[in-house]
Amino acid sequence: MTRTSMQFPMNGEFVTNCWYVAAWDHELIDGRKLARTILEKPVLIYKGASGQYVALDDRCCHRAAPLSMGRIEGDDVRCMYHGMKFDPSGKCIQIPGQDRIPPKLGVRSYPVVERNHLVWIWMGDPALADPDLIVDYEPLGDPNWRGIPCYMHYDANWVLIVDNLSDFAHLAFVHTNTLGGSEEYAYTTKPVAIERLEDGFRVERWHMNADAPPFHKKVIADKTAKVDRRNIGRMVTPGIFFLETMFTPAGSGAETGKIVNARQYRNCQYMTPETRRSTHFFWNYLHDFDLDNPNIALSLRDSLIEGFNEDKAIIEAQQVILEADPEFNLLAIGADAALSHFRWLLNKMKDAERAGGTAPVQPTRSGERVPA
Amino acid sequence: MTRTSMQFPMNGEFVTNCWYVAAWDHELIDGRKLARTILEKPVLIYKGASGQYVALDDRCCHRAAPLSMGRIEGDDVRCMYHGMKFDPSGKCIQIPGQDRIPPKLGVRSYPVVERNHLVWIWMGDPALADPDLIVDYEPLGDPNWRGIPCYMHYDANWVLIVDNLSDFAHLAFVHTNTLGGSEEYAYTTKPVAIERLEDGFRVERWHMNADAPPFHKKVIADKTAKVDRRNIGRMVTPGIFFLETMFTPAGSGAETGKIVNARQYRNCQYMTPETRRSTHFFWNYLHDFDLDNPNIALSLRDSLIEGFNEDKAIIEAQQVILEADPEFNLLAIGADAALSHFRWLLNKMKDAERAGGTAPVQPTRSGERVPA
Amino acid sequence: MTRTSMQFPMNGEFVTNCWYVAAWDHELIDGRKLARTILEKPVLIYKGASGQYVALDDRCCHRAAPLSMGRIEGDDVRCMYHGMKFDPSGKCIQIPGQDRIPPKLGVRSYPVVERNHLVWIWMGDPALADPDLIVDYEPLGDPNWRGIPCYMHYDANWVLIVDNLSDFAHLAFVHTNTLGGSEEYAYTTKPVAIERLEDGFRVERWHMNADAPPFHKKVIADKTAKVDRRNIGRMVTPGIFFLETMFTPAGSGAETGKIVNARQYRNCQYMTPETRRSTHFFWNYLHDFDLDNPNIALSLRDSLIEGFNEDKAIIEAQQVILEADPEFNLLAIGADAALSHFRWLLNKMKDAERAGGTAPVQPTRSGERVPA
Chain P
1 MTRTSMQFPM NGEFVTNCWY VAAWDHELID GRKLARTILE KPVLIYKGAS GQYVALDDRC
61 CHRAAPLSMG RIEGDDVRCM YHGMKFDPSG KCIQIPGQDR IPPKLGVRSY PVVERNHLVW
121 IWMGDPALAD PDLIVDYEPL GDPNWRGIPC YMHYDANWVL IVDNLSDFAH LAFVHTNTLG
181 GSEEYAYTTK PVAIERLEDG FRVERWHMNA DAPPFHKKVI ADKTAKVDRR NIGRMVTPGI
241 FFLETMFTPA GSGAETGKIV NARQYRNCQY MTPETRRSTH FFWNYLHDFD LDNPNIALSL
301 RDSLIEGFNE DKAIIEAQQV ILEADPEFNL LAIGADAALS HFRWLLNKMK DAERAGGTAP
361 VQPTRSGERV PA
Chain G
1 MTRTSMQFPM NGEFVTNCWY VAAWDHELID GRKLARTILE KPVLIYKGAS GQYVALDDRC
61 CHRAAPLSMG RIEGDDVRCM YHGMKFDPSG KCIQIPGQDR IPPKLGVRSY PVVERNHLVW
121 IWMGDPALAD PDLIVDYEPL GDPNWRGIPC YMHYDANWVL IVDNLSDFAH LAFVHTNTLG
181 GSEEYAYTTK PVAIERLEDG FRVERWHMNA DAPPFHKKVI ADKTAKVDRR NIGRMVTPGI
241 FFLETMFTPA GSGAETGKIV NARQYRNCQY MTPETRRSTH FFWNYLHDFD LDNPNIALSL
301 RDSLIEGFNE DKAIIEAQQV ILEADPEFNL LAIGADAALS HFRWLLNKMK DAERAGGTAP
361 VQPTRSGERV PA
Chain S
1 MTRTSMQFPM NGEFVTNCWY VAAWDHELID GRKLARTILE KPVLIYKGAS GQYVALDDRC
61 CHRAAPLSMG RIEGDDVRCM YHGMKFDPSG KCIQIPGQDR IPPKLGVRSY PVVERNHLVW
121 IWMGDPALAD PDLIVDYEPL GDPNWRGIPC YMHYDANWVL IVDNLSDFAH LAFVHTNTLG
181 GSEEYAYTTK PVAIERLEDG FRVERWHMNA DAPPFHKKVI ADKTAKVDRR NIGRMVTPGI
241 FFLETMFTPA GSGAETGKIV NARQYRNCQY MTPETRRSTH FFWNYLHDFD LDNPNIALSL
301 RDSLIEGFNE DKAIIEAQQV ILEADPEFNL LAIGADAALS HFRWLLNKMK DAERAGGTAP
361 VQPTRSGERV PA
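Protein chains in written order, with the UniProt record's numbering: chain P, 1 to 372; chain G, 1 to 372; chain S, 1 to 372.
Chain P with its partners taken away, still in its complex shape (with noise of 0.2 angstroms):
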């Protein structure tokens, strides 16, 4: 029995020399100004004549306007209270009625990168953002897979979608309706060991000769026969988890790497701190069969909605709870494996960010391959 503070991250501070998702590319399409607060600062996100992606403070240095109430101009914007303009890095170019402008006059600009079409931010030190950090997501760009890029927002601090993630067990006490999870299972079984990584964790864990779960019954033909389920679950520090599902026939073999007649998905989720209380939640199901059929897309954004709401709504109560009473320790039980390992390595993060240190926390992916 042990106890799990809750004061990291729950007090507002967040990892910062990190890539996060900001937006998915067509949230930004015909010239949108996306007013966004990401780690409780307001930003402005628009994409320039030029294409170029422009992250800045959606705050006028001069009065302290909304910038995102102000006007696009080419790949520049203009605050449209007193007229001056600012471009893509922030410097203020024009003042309307003075001729000289202060040469530091600006507002922040941060570093902004889209990659198959997720667009990713950089809120820490400027200096350390390398784009090759960006875990990036290859399914999102490649044709032999079909999804929905879509977002919800929680009233609920990112760490608690985090925990909620990186525990099957709850699958069988929510979503048995909807994503699947059997009660009977759960009592019987042991929870699968985690692999512990360097920058997260990943699990695997097969279900053999069960029931079609309801959200896969839906797309597929045959809704009766018993299926082989391998889930391969990967979370990547601070805020990114994969999910590789493959259903195959009962007793086909998979297991021992036999696999025919497959139906496979990938699934990416991002959870982007907006403030300590809510977070950007972005996801996309993508299906590698019947591609020329639009509707198992919807049927699967559709369903994973449908589960994700079950998981809002005792997210948001927890919330509630705990800051009700920010004293309050959680007790952890064995299952609570990942979701521990996980909070260590946030804690270490957050800490080499406090002392200060110049490299980038998020460790590269040394040999180590993101599941696509």
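Among the hints, erroneous ones may be present.
Copies of one chain are not kept apart here, so a pair can be met inside one copy or by any two copies together.
Below, a list of computed lysine-lysine pairs in the DSS-like style, where the Cα atoms sit at most 27 angstroms apart [stated by the list, open to error]: (1) Lys312 with Lys85; (2) Lys190 with Lys91; (3) Lys41 with Lys104; (4) Lys104 with Lys190; (5) Lys312 with Lys41; (6) Lys348 with Lys226; (7) Lys350 with Lys85; (8) Lys85 with Lys190; (9) Lys41 with Lys91.
Everything labelled a hint here was simulated from the structure, so no lab data went into it.
Since the structure of chain P is provided, determine the placement of chains G and S on it from the hints.
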């Protein structure tokens, strides 16, 4: 001109070593999981399959999910996040996928007892929770009295409601058109002296040869006949009020003990702090005549709701005003004797608790009967 | 590049020894009890039966019930909780059921004076409340001027509205389609120098041979003729703004003093802090032509509301941004001369109050006329 501090009880401190009303029993039928905050603690209350009442912290000890989103199983409850199961004492009796359960794992349980349709809870030291200390109210279980159990929620500290009930003077100004009260009478009459008791106070007031008040008029045949009215109010610390009301034909000599053709009412009211700024208010207004006519009770209920809403408007306005300026000192007048005595008793109870006293601070009712 | 601290006035401190507009007189007809918070104090304002204006703390000294839920009796007000009665000086003059009234029992009263339809209140030391210090505005009572008295509520600190009015530069970016203003003009013209005064500032701006701005076009017959426009702005501490606007036919020589065929407007605006984050805003936009056509005033009112709402959107956004990060330092530009001077005066007024000065801090207008 004395000053009455609002420090305690507006500051979130509460008398805890006493019984509070948590619910009417009808709120817990059919296995309903009642989530109710009491003294700023979220509590789950339910009636188990065996008929046993159970009150537990509404917060799983594992990840703080609310147990009220869980599932009742017999007399136990299962958290529907990761499946942990708790018995009525709060002890954890099952962890899916884990054989050994740490002996101390569990949630706090609260003593809970039903008496004449009221479910009472003890939020303080459970070792002191003696059911004999419950201030039972027999008319609630007596077939000679009829009424409808009611609940109202106040956005105000509970003591502001106690204050309201402590002073008949407000009847003339707040309730002229509902519960009755005469301005003329208020200007020309001295407040009735209260009897200071060791657990509250008692006040008896006669009003001779008057019109029947509106709520009474609605349920009697002869609406013009003058009446003599006797009110006996009885306040019991920390938040119970009984009101015994009798109407007799004017001049029939009830004040000499010759009671004929009386119409009587019995009213009980219970104030249970939800938070420092909100209160659960339970009440029933019982009558002893025309028992086969269900409209009497309905009419009385509606009249009382109308009257209580007149109080609620003022009391909730007081709360807003007092919160805006916590340093404000209220100035007492002569009519505040009951209120002052009651606050003095409350402070004594609270001081006794602070001193770590082990004896129940709620005095037994030695030789003294609650009016019934 | 200087830094302007937002400490005072965003912190809930206010200049108190001065007259603020509390209401338009039409808000108090028919014995209306106006409950209005001014400088974070809840105040009840009413016009007694004798015609006397009264302003009292909106909080009974007994149990803190709001007097605005009470009843006006002549020039007095009775609290309708326990019936205590107060005269216009705030003194308690009746306690039902009690003969002796403690001489100091009462509520605070505030000096209140009506001038040309505006009801002014003095929230500071009443000994300093000299009615001669009221900055009267004669056009409000002059039959040669017509307009509609208006009220608007801002969810923003009052000084952000002062800031807005202190800079004509924002017209070009915020009000192009309503009150008028040209971006081209803003880019090519230096800001007009202000005249620094001991109680505010004055600024005069000519705009020659221009299109009539939208609000003016709507109320004149010849909508295409070019006009010469003169604006004289006059700001008076702590929260009064006057704007005198004149349109003459382009080239008719108004700038040399030869004024013919002029259309004139007189605009007064009053900012009264409600709280540190909200403001009462009173205004009237008067005209001196076509006085028998009531639609002129209505059209001007609607144009101004449209324009003020453009300001309101930005100003309330500023408030949110500044509250989220109170440490943020605004950076001044050349156009901020008026704003900086005004804040310097405000700080001087506030410093004088803090030092306990007994002389009124609002300077008399020695030899200097408010524009009328």
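Cross-check of the supplied hints:
1. Taking CA atoms no more than 27 angstroms apart as the test, Lys312 paired with Lys85 passes between copies only; the shortest distance there is 22 angstroms, against 41 angstroms inside one copy.
2. Within a single copy, Lys190 and Lys91 get their C-alpha atoms only as close as 58 angstroms, which misses the 27 angstroms cut-off; across copies the closest is 22 angstroms, which meets it.
3. Proximity of Lys41 and Lys104 under a CA criterion of 27 angstroms is satisfied intra-copy only: 21 angstroms inside one chain copy versus 42 angstroms between copies.
4. Within a single copy, Lys104 and Lys190 get their C-alpha atoms only as close as 60 angstroms, which misses the 27 angstroms cut-off; across copies the closest is 22 angstroms, which meets it.
5. In this assembly of identical chains, Lys312 and Lys41 lie within 27 angstroms of each other by CA distance both inside one copy and across copies; the values are 24 angstroms within and 23 angstroms between.
6. With identical chains, the CA atoms of Lys348 and Lys226 are never at most 27 angstroms apart, being 44 angstroms at best within one copy and 70 angstroms at best between copies.
7. In this assembly of identical chains, Lys350 and Lys85 lie within 27 angstroms of each other by CA distance neither inside one copy nor across copies; the values are 36 angstroms within and 35 angstroms between.
8. Taking the closest pair of Cα atoms, Lys85 and Lys190 come within 27 angstroms of each other only across two copies (17 angstroms); inside a single copy the shortest separation is 61 angstroms, beyond that limit.
9. Proximity of Lys41 and Lys91 under a CA criterion of 27 angstroms is satisfied intra-copy only: 19 angstroms inside one chain copy versus 44 angstroms between copies.
The structure does not agree with the numbered hints 6 and 7 stated previously, though it agrees with the rest.
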